[in-house]
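Peer 1: Sequence:
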Amino acid sequence: MTTLVQHQHVETQIVESYVAEVYELVKKRNPNESEFHQAVKEVFDSLVPVLVENPKYMEHGILERMVEPERVISFQIPWIDDQGTVRVNRGFRVQFNSAIGPYKGGLRFHPSVNASIVKFLGFEQIFKNSLTGQPIGGGKGGSDFDPKGKSDREIMRFTQSFMSELSKYIGPDVDVPAGDIGVGAREIGYMFGQYKKIRGAYEAGVLTGKGLNYGGSLGRKEATGYGTVYFVEEMLRDSGRGFKGSTVVVSGSGNVSIYAIEKAHQLGAKVVACSDSSGYIYDEQGINLETVKRLKEVEGKRISEYVEEHPNAQYHSGCSGIWSIPCDIALPCATQNEIDEIAAKLLVSNGVIAVGEGANMPSTLEAISIFHEKKVLFGPAKAVNAGGVAVSALEMAQNSMRLSWTLDEVDTKLQEIMKNIYTNSINAANEYNAPGNLVVGANIAGFKKVADAMIAQGVI
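Quick note on my numbering: the sequence shown kicks off at 7 and runs consecutively.
Hint data in this document are derived by calculation from the structure and do not stem from the laboratory.
Each hint should be verified, as a subset may be incorrect.
As the list claims (entries may be wrong) - Straight-line alpha carbon distances no greater than 30 Å define the calculated BS3-like cross-link-like pairs of lysine-lysine that follow:
| hint | residue 1 | residue 2 |
| --- | --- | --- |
| 1 | Lys276 | Lys299 |
| 2 | Lys62 | Lys419 |
| 3 | Lys419 | Lys250 |
Everything numeric in this text was worked out from a predicted model, so none of it was measured.
Work out the full structure: start from the sequences and follow the hints.
Peer 2: In structure tokens form, the structure reads like this:
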């Protein structure tokens, strides 16, 4: 592309052709990886005006380099179940980009995990981590192992086998995994113990989301959910609104969902619905969070059991119907592509004013287009749910300094980070003639920091 950069600016048509060419190359090199294609296209669509104004990014092959992971690791995970049967799962770690810091991103244990899922998550993580302002690069990993229905002993044996291989590729200054779907405090604890035994050293900063008595950070458990609400509150404030007095629907009932509900309640909202993989509950009076916390965090039960204790609530099997419930604010906090075009139209017809993506890529491109067309305030995942990884970076900092901050200190830092992410994203959107478009703004703000670092470090 060196011939394109003889002038300060390049014609938009030339840039569009170049971006389309790189995207086609991504699809050709990564066949049948629809989630990864979707994540790349969303970012690429935002970057045309940046490349027109800054052709240096084309000269240095930034797009071509950024869509190709620096390292992809796939490995077998043999383990023995409680019946003595040998099982084999597949493990992944995608180390995508280390331009601004060590690879950082969660581990997901779920039957749906494959190369496409891990690559889309890792690619998104590059920009999310950049937006936090913390010195962390992008990575992601996991396994197609399903922890549901497994005993503690089975989970311990599996995670120890998983870490026996993963430990070869991670470290406090190399790659720092964390939790994600199916990986909570229990799994992190088992993995940390195995890593410590293999390395023969206490490297607290190698994993985040640890227990408080062995290097974890106060506020980490709540961070993604709280951060989601902090970001959406900033978004609402700009239009003279807020959570107070609003009706909210939150999908999911895991860590992100629970603490998004908690913070929304604290800000004066009424959350009327949440879900799990089997179905959703609707409680017109407002979800009783203590019941949900006990069912999901303590007893590990299905959300359907909520209605046994709250007979005025309703349970519906299947998850998609949750978006037919009228609400002011929708917070999809479950999984990718849960809001499609049909769900988006239902939300709009029922008067939704704001959507904040607490999960990773929970809205399809068609759904996002509808929200923008109908002037719904829309916060994209890489900005909205960055609070978790932001506090993970704060946990790394505390580990490096061998000290602990108070909950108030961590929460104050989280609020400031989420406010800065919103400000930087909206400013970037306005600068590149996409006023109010936080998808464009977040992509551009996250991209430029990483791209400039890549140029400074040379073609490596």
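Peer 1: Work down the list of hints and note, for each, if the structure agrees.
Peer 2: How the hints compare with the structure:
no., hint, in the structure
1, Lys276 x Lys299, "holds, 17 Å"
2, Lys62 x Lys419, "violated, 34 Å"
3, Lys419 x Lys250, "holds, 23 Å"
Checked against the numbered hints above, the structure breaks only hint 2 and satisfies the rest.
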